[in-house]
Amino acid sequence: MSDRKLTIGEKLSQGPGVRSLVITGARIVASAVSVATATETADARVADVVIVDGVVTDLTASEAPSDAQVIDADGLILLPGFVDLHTHLREPGREDAETICSGSRAAAVGGYTAILAMANTTPVTDTAEAAERILDLGRACGLVDVQPIGAVTHDLAGGQLAELGLMHRSRARVNVFSDDGRCVADARVMRRALEYIRSFGGVVSQHSQDPALAGPNACCHEGELSGRLGLPGWPAVAESVIIARDVQLARHTGSRVHVAHVSTAEGVDVIRWAKAQGIAVTAEVTPHHLALTTERLAAYDPVFKVNPPLRPIEDVQAVRSALADGTIDAVATDHAPHARHDKEHAFEDAAFGMLGLETALSVVASVMVEGGLFGWSDLARVMSSAPAGIAGLADHGRPIVPGEPANLVLVDPAAAITVDRSSSQSLSRNNPWHGEQFRAAVHTTILRGRVTAAEGAPAAC
Amino acid sequence: MPREDSPGEGRVVLSDADIARVLKRIAHEILEANKGASDLVLLGIPSRGVLLAQRLAAIIAEVEGTAVPTGALDITMYRDDLRKQPTRTPMPTSIPGGTVDARVVVLVDDVLYSGRTVRAALDALGDYGRPRAVRLAVLVDRGHRELPIRADHVGKNLPTSHSEKVRVRLLGHDDHESVTIAGGEP
Amino acid sequence: MSDSTASATATMPRHLLSIADLDADLIRTLLDTATQMQDVQRREVKKIPTLRGRTVINLFFEDSTRTRSSFEIAGKWMSADTINITGKGSSTSKGESLRDTVMTIDAMGVDALVMRHSASGAAHQVAGWVDAHVINAGDGTHEHPTQALLDAYTMEQRIGGLAGKHVVIVGDLTHSRVFRSNVLSLRMLGADVTVVAPVTLMPSGIRAWSEADGFALSNDLDLILTGDRGVDALMMLRVQKERMSGGYFPTAREYTVGYGLTRPRLQRLVADHPKVVICHPGPMNRGLEISADAADAAQSLILDQVAAGVAVRMSVLYHLLAGAEGGAA
Chain L
1 MSDRKLTIGE KLSQGPGVRS LVITGARIVA SAVSVATATE TADARVADVV
51 IVDGVVTDLT ASEAPSDAQV IDADGLILLP GFVDLHTHLR EPGREDAETI
101 CSGSRAAAVG GYTAILAMAN TTPVTDTAEA AERILDLGRA CGLVDVQPIG
151 AVTHDLAGGQ LAELGLMHRS RARVNVFSDD GRCVADARVM RRALEYIRSF
201 GGVVSQHSQD PALAGPNACC HEGELSGRLG LPGWPAVAES VIIARDVQLA
251 RHTGSRVHVA HVSTAEGVDV IRWAKAQGIA VTAEVTPHHL ALTTERLAAY
301 DPVFKVNPPL RPIEDVQAVR SALADGTIDA VATDHAPHAR HDKEHAFEDA
351 AFGMLGLETA LSVVASVMVE GGLFGWSDLA RVMSSAPAGI AGLADHGRPI
401 VPGEPANLVL VDPAAAITVD RSSSQSLSRN NPWHGEQFRA AVHTTILRGR
451 VTAAEGAPAA C
Chain W
1001 MPREDSPGEG RVVLSDADIA RVLKRIAHEI LEANKGASDL VLLGIPSRGV
1051 LLAQRLAAII AEVEGTAVPT GALDITMYRD DLRKQPTRTP MPTSIPGGTV
1101 DARVVVLVDD VLYSGRTVRA ALDALGDYGR PRAVRLAVLV DRGHRELPIR
1151 ADHVGKNLPT SHSEKVRVRL LGHDDHESVT IAGGEP
Chain E
2001 MSDSTASATA TMPRHLLSIA DLDADLIRTL LDTATQMQDV QRREVKKIPT
2051 LRGRTVINLF FEDSTRTRSS FEIAGKWMSA DTINITGKGS STSKGESLRD
2101 TVMTIDAMGV DALVMRHSAS GAAHQVAGWV DAHVINAGDG THEHPTQALL
2151 DAYTMEQRIG GLAGKHVVIV GDLTHSRVFR SNVLSLRMLG ADVTVVAPVT
2201 LMPSGIRAWS EADGFALSND LDLILTGDRG VDALMMLRVQ KERMSGGYFP
2251 TAREYTVGYG LTRPRLQRLV ADHPKVVICH PGPMNRGLEI SADAADAAQS
2301 LILDQVAAGV AVRMSVLYHL LAGAEGGAA
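Residue numbers (our numbering), protein chains in the order written: chain L, 1 to 461; chain W, 1001 to 1186; chain E, 2001 to 2329.
Errors might be hidden in some of the hints.
[As the list claims (entries may be wrong)] Among chain L residues calculated to face chain E with C-beta under 7 Å, some are: (1) GLY75; (2) LEU229; (3) GLY230; (4) LEU231; (5) HIS341; (6) PRO413; (7) ASP420; (8) SER423.
[To be verified] Quick list of in silico lysine-lysine cross-link-like pairs, DSS-like style, CA-CA up to 25 Å: (9) LYS1035/W to LYS1024/W; (10) LYS2076/E to LYS1084/W; (11) LYS2047/E to LYS1084/W.
[Claimed, not checked] Far from chain L by the CB rule (all over 12 Å, computed), these chain E residues: (12) ILE2027; (13) ASP2100; (14) ALA2119; (15) GLU2143; (16) ASP2192; (17) SER2210.
Simulated from the structure, these hints should not be mistaken for lab results. Note that the structure is a prediction, hence the values are computed from the model and not measured. Beta carbons are placed, not taken as given, at the ideal position from N, Cα and C, and that holds for glycine.
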């Protein structure tokens, strides 16, 4: 970790009495900066931010309450807290792989202040009660806002619609629906779902995988390597045909569709076309599809088995460009924890998915910022404001201005970390980044004025 | 021990003429012990033992006017020190007539040392049948037996130390013929 | 021992997972050794003590009488204790993991795991977990290295060294581990290789692959069989009838007409190339990819392949297990 001096001090005890927080000397790169002591420097604004009762104020540091915690953020970058549109928490059902609490800890350490919990738990989140239970468990933990995603179809079976309206009207206010893990393959069901949720402004996050072109065993990008390795191929066209169908359905229904984990150049092309037509489509890309290529599969290590599969460099470059130019709106982790024994099967038999919450910032900063494809304000857009907007989370992804909720993250752009899977907050260890080195890392995460994680350690929940 | 000028070559203990002479003697000994050439089979242990067996057979044919069946018995798969070194590709085994049953087998090797090769050869031979008798002919016996094995026909008894290297060169395998001894006490 | 016998030492890999683990010299060593092992096969006493006290587990997650019994005989003739274990084809997250299964067996102190699995790469994964030597006896649609070795061995016995020979492989390339291993070994041994299949039965990306590895592609069997290049060996791959339901080809009849070694095709082939040899890794679908006439023709090596299988597997077991540990550098 960084050798920078961090003066959190004893005050950062997170006792219930502590209600104010002072962040001194942070670089603020978000577009709207209007804090009392903001000073322009050559490359960014450096400001002190005073937070009282969970809200950003216009106080100066010297005006802050005397019992305020102080974070010396010299050299750190202050961004709005990250929002993950795509997190798999395994509770209920597979609490050995992840719980809402362990996933919340991982999210906090990763700089997230809100995560959307995918519906493919056991039982599936396809009722209001199931959604409220996840909401409540998330609140009980309190390290991150856990917003449930509702299933599109009952039990993810792809037939009968889940209780979309009841989930929306519940305390959980479900706005995003997804059968992720499976594609809503039946065009008629997809059409009805889009029509049904239009009335309350919902969105379907689609796992775009034509099951006829890429069946359940498909696990390697279809190409030369899948041919050589003898692994069932997952062709790019299985993604793009569903995206093409869905954007036409979105146009037809006037509803919103969100493309989960787009991974191919062909998929990007369709999204770019649809956006040019004014179709209400948004898209996300995962950190691993931004950074890792198919070649990782050459040793048959199931840690690199993910759905959609890792793609060749041409696709990786296409999704990077699309993220930079706004065709892809957001980065979403598809954090998919799995117990060791579910990964230690033959490659074709092992579970799909990899961890992502704790490493997302480092990966995205490495590929996109250090790679010169965009700046920190763009990173704030794709990891915070855009996903918050897609999910309809009013308190997240906000500008850092007085009166806004203090959901923030401090990033150390020169932390120089080496990822160690054994130090993960997740209960699982399917970490594809183990041993990788990154420059940037999350330093401190703040949810409504409370430090939820600092230097890799989560606060108590 | 005398020191050699070129340790790689070593001191010559048998010249090509010496080798020819001792092979002639061994051939006669074999015939004498067997009271003729009947039922004799010469099996050389690869690789130089096979050459020696062929040479002995040629001499016997000259002397007796009968061709003595000659073959090769590879012992690689029967060695007791396989695990001590990387695997070697085995050499061909050829048993004339396909069996050694009721034959008098003369095993032929170039150097008799620990006796372990001969032990392996006896084991291998047992898998090809039941000879009436087995004899052993070697060009050089350098001592240091580790098993109760002795040769019936010896070209030259050569006292050595463990640290010395005995090297046999034969035409058909090498560019000249000699038996040399090299190295010695450090 | 006779200290005058110097002999070349091969550096075999610790495991045999893929033909890519070998090179031309190592293949040569394995095939030369197999020649000597066939001698054991022809003896009255089919037993050598080479692997006495060693334990070889045939761990088959997928049925295969032929390969399993071939390895079993090879191990037994070399005096190894061979034990067959049929693994469950576990693919559920509820079942015992592959790692747990093999670690349990490995913990008993076995020397080699001969492994057959329906999933590509399974042997590769297992080799990373266990202390035992792992021999891939077929992993999904990936590789079957001992089959490729016995194919090369059998062809060489009949038509001599494979350098410069033209070997044509026909059939379901997509699902064939025999093709994948053979194309590697045949190229290492210097053969020219042409693979023939309908486009739907060619693996994805095979064009780039063939260019990188130097073999030719065709969709027209007759064009290849009557071509100027001639044919020295023809390897017919099994085509599973269930592929039809996957849309890989329309009907068995259409496949046979296009890609089967039918009687008329055989007659013309033998007339043009009397010394041609015909291989099939088995089990055959007589009447689909190979006619009965072809399977039983004088040019057919199919039973020789089976016989060679034992010798080749003895050779592999010998070179992987018999030598010094760590001798593989």
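Checked hints:
1. GLY75: Cβ of GLY75/L sits 42 Å from chain E, so the hint is violated.
2. LEU229: holds (6 Å)
3. GLY230: Interface hint status for GLY230/L: holds (3 Å vs cutoff 7 Å).
4. LEU231: holds (5 Å)
5. HIS341: Holds, because the Cβ-Cβ distance from HIS341/L to chain E comes to roughly 4 Å (cut-off 7 Å).
6. PRO413: Where the cut-off is 7 Å and the nearest Cβ of chain E is about 36 Å from PRO413/L, the hint is violated.
7. ASP420: Check failed: Cβ of ASP420/L comes no nearer than 20 Å to chain E, outside 7 Å.
8. SER423: violated (23 Å)
9. LYS1035/W to LYS1024/W: holds (16 Å)
10. LYS2076/E to LYS1084/W: holds (22 Å)
11. LYS2047/E to LYS1084/W: Holds, because 22 Å separates the two Cα atoms, which is no more than 25 Å.
12. ILE2027: holds (19 Å)
13. ASP2100: The assertion about ASP2100/E is violated, with a minimum of 7 Å to chain L.
14. ALA2119: violated (3 Å)
15. GLU2143: Violated, since 7 Å does not exceed 12 Å.
16. ASP2192: holds (20 Å)
17. SER2210: Its Cβ does come within 12 Å of chain L, the nearest being 10 Å, so this is violated.
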